[in-house]
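Visitor: Based on these hints, arrange chain E on the given structure of chain C.
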Amino acid sequence: MSVPEARAAAERAARASYGRLVAILAAPTGDLMLAEDALSDALERALRSWPERGVPANPEGWLLTVARNRQRDVWRSAAHRTARPLSEVVVEAARTTSPLDAVDPDAIGERRLELLFVCAHPAIDAASRTPLMLQAVLGLDAARIARAYGVGKEAMAKRLVRAKRRIAGTRIPFTVPGREARSERLPGVLEAVYGCYAVTLTGGPDEAPRRSPDSLAGEAHYLATTLATLLPDEPEALGLAALIALSLARAPGRGTDYVPLAEQDPADWDADLIAEGEAYLRRASAADRLGRFQLEAAIQAVHCDRRRTGITDTRALRTLYSALVTLAPTLGAQVALAAAVGRLDGPDAGLAALPDGVDDFQPAWAARAHLLAEAGRFTEAAAAFDRAATLALDPAARGYLADRAAGLRAR
Amino acid sequence: MRYTIMLHYPEQSTETLGEEAWAEGERAFSAYAKALHQAGVLLSGEVLQPSTSTTTLTTVDGELRVQDGPYADTKDQLGGTFVVDVPDLDAALDWAKQAPALAWGGVEVRPGATYVREGRWEPNA
Numbered sequence: 001m002s003v004p005e006a007r008a009a010a011e012r013a014a015r016a017s018y019g020r021l022v023a024i025l026a027a028p029t030g031d032l033m034l035a036e037d038a039l040s041d042a043l044e045r046a047l048r049s050w051p052e053r054g055v056p057a058n059p060e061g062w063l064l065t066v067a068r069n070r071q072r073d074v075w076r077s078a079a080h081r082t083a084r085p086l087s088e089v090v091v092e093a094a095r096t097t098s099p100l101d102a103v104d105p106d107a108i109g110e111r112r113l114e115l116l117f118v119c120a121h122p123a124i125d126a127a128s129r130t131p132l133m134l135q136a137v138l139g140l141d142a143a144r145i146a147r148a149y150g151v152g153k154e155a156m157a158k159r160l161v162r163a164k165r166r167i168a169g170t171r172i173p174f175t176v177p178g179r180e181a182r183s184e185r186l187p188g189v190l191e192a193v194y195g196c197y198a199v200t201l202t203g204g205p206d207e208a209p210r211r212s213p214d215s216l217a218g219e220a221h222y223l224a225t226t227l228a229t230l231l232p233d234e235p236e237a238l239g240l241a242a243l244i245a246l247s248l249a250r251a252p253g254r255g256t257d258y259v260p261l262a263e264q265d266p267a268d269w270d271a272d273l274i275a276e277g278e279a280y281l282r283r284a285s286a287a288d289r290l291g292r293f294q295l296e297a298a299i300q301a302v303h304c305d306r307r308r309t310g311i312t313d314t315r316a317l318r319t320l321y322s323a324l325v326t327l328a329p330t331l332g333a334q335v336a337l338a339a340a341v342g343r344l345d346g347p348d349a350g351l352a353a354l355p356d357g358v359d360d361f362q363p364a365w366a367a368r369a370h371l372l373a374e375a376g377r378f379t380e381a382a383a384a385f386d387r388a389a390t391l392a393l394d395p396a397a398r399g400y401l402a403d404r405a406a407g408l409r410a411r
Numbered sequence: 001m002r003y004t005i006m007l008h009y010p011e012q013s014t015e016t017l018g019e020e021a022w023a024e025g026e027r028a029f030s031a032y033a034k035a036l037h038q039a040g041v042l043l044s045g046e047v048l049q050p051s052t053s054t055t056t057l058t059t060v061d062g063e064l065r066v067q068d069g070p071y072a073d074t075k076d077q078l079g080g081t082f083v084v085d086v087p088d089l090d091a092a093l094d095w096a097k098q099a100p101a102l103a104w105g106g107v108e109v110r111p112g113a114t115y116v117r118e119g120r121w122e123p124n125a
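Sequence lines, in order, name chains C and E.
Last residue of the first sequence: 411 in UniProt numbering, with the numbers rising by one and none dropped.
Last residue of the second sequence: 125 in UniProt numbering, with the numbers rising by one and none dropped.
By construction, these hints were calculated from the structure, which means they are not laboratory data.
Check the hints yourself; a few may be wrong.
[To be verified] Ranges between beta-carbon positions, derived for each pair:
(1) C:ALA316 with E:LYS34: 48 to 58 Å
(2) E:PRO123 with C:ASP288: 23 to 33 Å
(3) C:ALA126 with E:PRO123: 29 to 39 Å
(4) C:ALA123 with E:GLU63: 38 to 48 Å
(5) E:SER44 with C:LYS158: 34 to 44 Å
(6) E:THR56 with C:VAL74: 35 to 45 Å
(7) C:ALA126 with E:GLU24: 27 to 37 Å
(8) C:ALA8 with E:PRO123: 41 to 51 Å
(9) C:ASP233 with E:PRO111: 29 to 39 Å
[What the hints assert, rightly or not] Some residues of chain C that are not near chain E, with every Cβ distance over 12 Å (derived):
(10) GLY30
(11) ASP268
(12) THR319
Ideal Cβ placement from N, Cα and C applies to all residues, glycine included.
Isolated chain C (complex conformation):
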């Protein structure tokens, strides 16, 4: 086997099992940093050994055994250095990981759900939860995560180290909360997974377009479908997977100009992702427990349905946004509701429905600008388009909005 082939095999194993292995390695002691170091050491060894000896029959088991040995070496040297008795849990972990143990691939557990609950634990700073998931579950490095957030690599690395020290130091358990505690804790997990997608909407200037393979949107999709697979009875987990699949289906590809939703050609949308999202949404609604993510997914489904019917059902949108505003009254939902009202009842009704006091909220200015233009108030509309352009993070959207302002002034 050649080096590139071995690399490809190692990378395939890593992509499929990185989070699984980190979760298993970290669970006994809560030491994520050591688990990640041990796994990356094992992956390096795989790159050296597999080209010569061939890929083992059970690559995941091979990686786990090598990583566990590495972990044990570190524990031993730590014990030697400090001359302090190892804590019981470490001794227990070392005892159960003899290098002579044959690793049964079927016995490699699935502890990623535990890991997701650890990453989104209420004792972890909310701003660290999504980056932590991207690193611990998916194996992204701090520089990559920093780029998505538009912050420095050092700052992101520090944030991640602080969170990991906290997990080990305060002993946050690697457990899935019981039924009662789960309803309290699950929203935090969903929020953090959604945060991975949200960062692709508002991310730094160097972030890749969402439908390109190197965008984090693909990672968000993977995390959401993983969570939905691990929690098949939680309608909001299914709703979130639906939301991300349906949003991603309409995301622009690389190098494309900004096209407002109403002017997008549904033929460009990804039919497989739409079908996948709709399937998740059907399963979610079967449970009859409505939630924020299911509503947002249903809204996306209404937009995607234009691919089939050729029209957008604005009445359905208004109903769904009204429900969303009641359930989770965010500014974004209020603005979207006002836009739907404007299309159904005329621009004046839409303007009246816009929320107050939203000076710096870009979507509110964009919606106001569109409604003013439709009402024939062109001077005010141009000013509002200018304000929306100034506040826009996406350069393509900024250009589109500035063009609209210029177009209105040239009338």
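Guide: This is chain E only, laid out in the frame that chain C set:
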């Protein structure tokens, strides 16, 4: 794993609170201590006298200074502590959520680093 549950709240007395509310507070503390004890997790518990009883020592320019009053004169004061031995943070947080002082102020949960046994420091684990 040992955790210290620290209770911070605005200080009250029987005069400011009223006899009945005071007695109610005492009952709540008593029930809490009993629950911790019966679960076998309580290592120690202590409710402190008001911060007006505190004497604070500091060194200023090499000189020892002894002053009446607390180290930090804030509205909420450390009013009591419970040390518990539980498997993990979730268990410690579950006990902290039941602390009666949560109705009046903030409850802090901090894992111990080391503790003294028989005059020797032992790592917390």
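Visitor: Confirm or reject each hint.
Guide: Verification of the hints:
| no. | hint | in the structure |
| --- | --- | --- |
| 1 | C:ALA316 with E:LYS34: 48 to 58 Å | holds, 57 Å |
| 2 | E:PRO123 with C:ASP288: 23 to 33 Å | violated, 51 Å |
| 3 | C:ALA126 with E:PRO123: 29 to 39 Å | holds, 31 Å |
| 4 | C:ALA123 with E:GLU63: 38 to 48 Å | holds, 41 Å |
| 5 | E:SER44 with C:LYS158: 34 to 44 Å | holds, 36 Å |
| 6 | E:THR56 with C:VAL74: 35 to 45 Å | holds, 44 Å |
| 7 | C:ALA126 with E:GLU24: 27 to 37 Å | holds, 35 Å |
| 8 | C:ALA8 with E:PRO123: 41 to 51 Å | holds, 45 Å |
| 9 | C:ASP233 with E:PRO111: 29 to 39 Å | holds, 34 Å |
| 10 | GLY30 | violated, 8 Å |
| 11 | ASP268 | holds, 47 Å |
| 12 | THR319 | holds, 39 Å |
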